[in-house]
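Participant: Letter by letter, the chains look like this.
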Amino acid sequence: MDPWLITFITAGDPSPSNTLDYMIALEKNSDIIELGLPFSDPMADGPTIQKANVRALKAGTKVKDVFSIVKEFRDHSEKPVVLMTYYNLIYVKGVDNFVKEAKNCGINGMIVVDLPVEESSDYLKACEKYGMGTVFLAAPNTPEDRLKQIDKVSSIFVYLVSLYGTTGARDKIPETAFNLIKRAKSICKKPVCVGFGVSKKEHVKELVNAGADGVVVGSAIVKIIEKYRENAAEKLEEFTKELREGLKESLTQFR
Amino acid sequence: MKFGEFGGQFVPEVLIPPLKELEREYNRLKKDDSFIRELDYYLKVYAGRPTPLYFAENLTKHTAGAKIYLKREDLLHSGAHKINNTLGQALLAKHMGKSRLIAETGAGQHGVATAIAGALFGLKTEVYMGSEDVERQKPNVFRMKLLGADVIPVESGSRTLKDAINEALRDWVATFEYTHYLIGSVVGPHPYPTIVRDFQSVIGKEVKKQILEVEESLPDCIVACVGGGSNAIGIFHPFIEDKSVKLVGVEAAGKGIETGKHSASICAGKKGVLHGMLSYFLQDEDGQIATTHSVAAGLDYPGVGPEHAWLKEINRAEYVSVTDDEALKAFSLLSKLEGIIPALESAHAIAYAVKLAKEMSKDEIIVVNLSGRGDKDLEIVMKLLGGY
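Same order as they appear, the protein sequences are chains F and P.
Counting in the numbering used here, the first sequence runs from 1 upward without gaps.
Counting in the numbering used here, the second sequence runs from 1001 upward without gaps.
Just chain F, same shape as in the assembly (with noise of 0.2 Å):
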């Protein structure tokens, strides 16, 4: 397979009139789409993130009007879009409920940061039923065992946390990532993603070099909106069509 560029926002960042356009501006260049539904506590996330979350809270964003979002989104696109979120905001719905109407918005998959396998059993069931997609994380210190169990309930990908800290643009990736890509590729059979700290097109570059199957861009991303609010879908375009270079030259050095 191609490797995947997985492109993050927050939903209703920095307000909800926003999101279905800056979806439209990362589709472009992104194989999935992966979106944050605000939560008040996001205890996986480093400063950016956290300030996203505030912003899209403070300008009222609820679970229901990002649903309604990804709905209009599927007017224009079908691209695959995974939704990011904390197990609280799924657990107050009631499992069930939840999963069934994220799928019938057309949400492709889902990626809860707080729920380990041993607590997913509620989850899982919903997802087999609606057809949900899973996507469960794997850090740099997770055993052998843990992995395979990881990559059999994940059905989408495995989603791969390069570092030992939360997310957040970083310089460089650590030598962390390396090893776990090395680990999980001769472990997994679900495609391996990976995320947290990755920022820039030489990041994109390296990682698919070593091997991963697919790259998670946040916080670079997220920054963007940072910085032009309201106006940042032409530079959320610029800085995908960048990353998605990084991608291609990655493939040519491989071929």
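Calculated directly from the structure, the hints in this document are not laboratory data.
This structure is a prediction, so every number in the text was calculated from the model and none was measured.
Backbone N, C-alpha and C fix where the C-beta goes; we use that ideal spot for every residue, glycine too.
Honestly, I wouldn't trust all of these hints.
Unchecked claim - A short list of chain F residues far from chain P (calculated; beta carbon distances all over 12 Å):
1) Ser17
2) Thr85
3) Glu119
Said to hold, decoys possible - Below are the EDC-like pairs computed for lysine to aspartate or glutamate, each with C-alpha atoms no more than 16 Å apart in a straight line:
4) Lys64/F with Glu101/F
5) Lys235/F with Glu27/F
6) Lys58/F with Glu1021/P
7) Lys93/F with Glu1285/P
Based on the hints, put chain P in the right spot on chain F.
Facilitator: The following block gives chain P in isolation, referenced to the frame of chain F:
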């Protein structure tokens, strides 16, 4: 691992191995005689255990009802029960070979108790504290610094206790190899609610022995305040199987449950998942966590420990709430009648116990956990009661 459906380990994957390590090490050390002896030693000669169980005769006369006993956790070093847990966990951290402690704190009580334990055992200590709280609780910030700890103001979210917990977890994700996260209440992912409960159960064990000595019977009722719920679980736990003993947890009704300005997670919250656990939380219909209010900073938390959620579910404990005003009245009452200035948190328990005692007969017994002393609250009480 769970309390009924409550508790669990709702954390990012990276934290699973360190939580497993903690569980394994704790299970090993809690059966290790030298660890037990060492902890007992520090609890006795450093913290001041056992604490007295005091018959509050004047308060009892005043209410003209059931006999009221006070478990004097306020007499411990640092002025509150928090130190039972910080000594236990810091010693655990030391035995696990960790060189650094991190903690969250709201009002600063747990931060101070952690800084004390860090100083005692030679562990570098950093305390996360919401920047709002840093402003409101300057004396405690200074105390922590004096004790050699670093206080890190948290600017994210609502800049209070829940955000300090988020920030401590973010730190731990990157530093667990050499850092122990010393959680201050019976909250967080498994095994924390169990570890903290075990270290706090010394309170209830002592009460059982002491009340049998004086009254030759178990109490009819035990009352304790509940924020995260560590002092309450500590005194409840050894009595859970004694079905004749009624257990009452008192939450903070703040300015009144109907105003929305409170922190009564069990009385007015819904089930949810935060800080690694399934429990009751104050939140909106989408699951966004609410900001809370209580005059007692130590009760100002939007969730509650999972074991309390379970005790409520199986009807073993009852949970009620007391407003800021009622707590302030109890604060003054106990000061005047008994010469004991209670912490505003503990004043919630006193307020409810007084109400309850009036409805009970004179041969019945209530034990109240006086979890902390009120010196830390003088400034806020002076402001609220004016010209006091």
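Participant: If a hint holds in the structure, say so; if it doesn't, say that too.
Facilitator: To see whether the hints hold, each was checked on the structure:
| no. | hint | result |
| --- | --- | --- |
| 1 | Ser17 | holds, 18 Å |
| 2 | Thr85 | violated, 9 Å |
| 3 | Glu119 | violated, 6 Å |
| 4 | Lys64/F with Glu101/F | holds, 9 Å |
| 5 | Lys235/F with Glu27/F | holds, 13 Å |
| 6 | Lys58/F with Glu1021/P | violated, 39 Å |
| 7 | Lys93/F with Glu1285/P | holds, 8 Å |
Of the hints listed earlier, those the structure fails to meet are numbers 2, 3, 6, in rising order.
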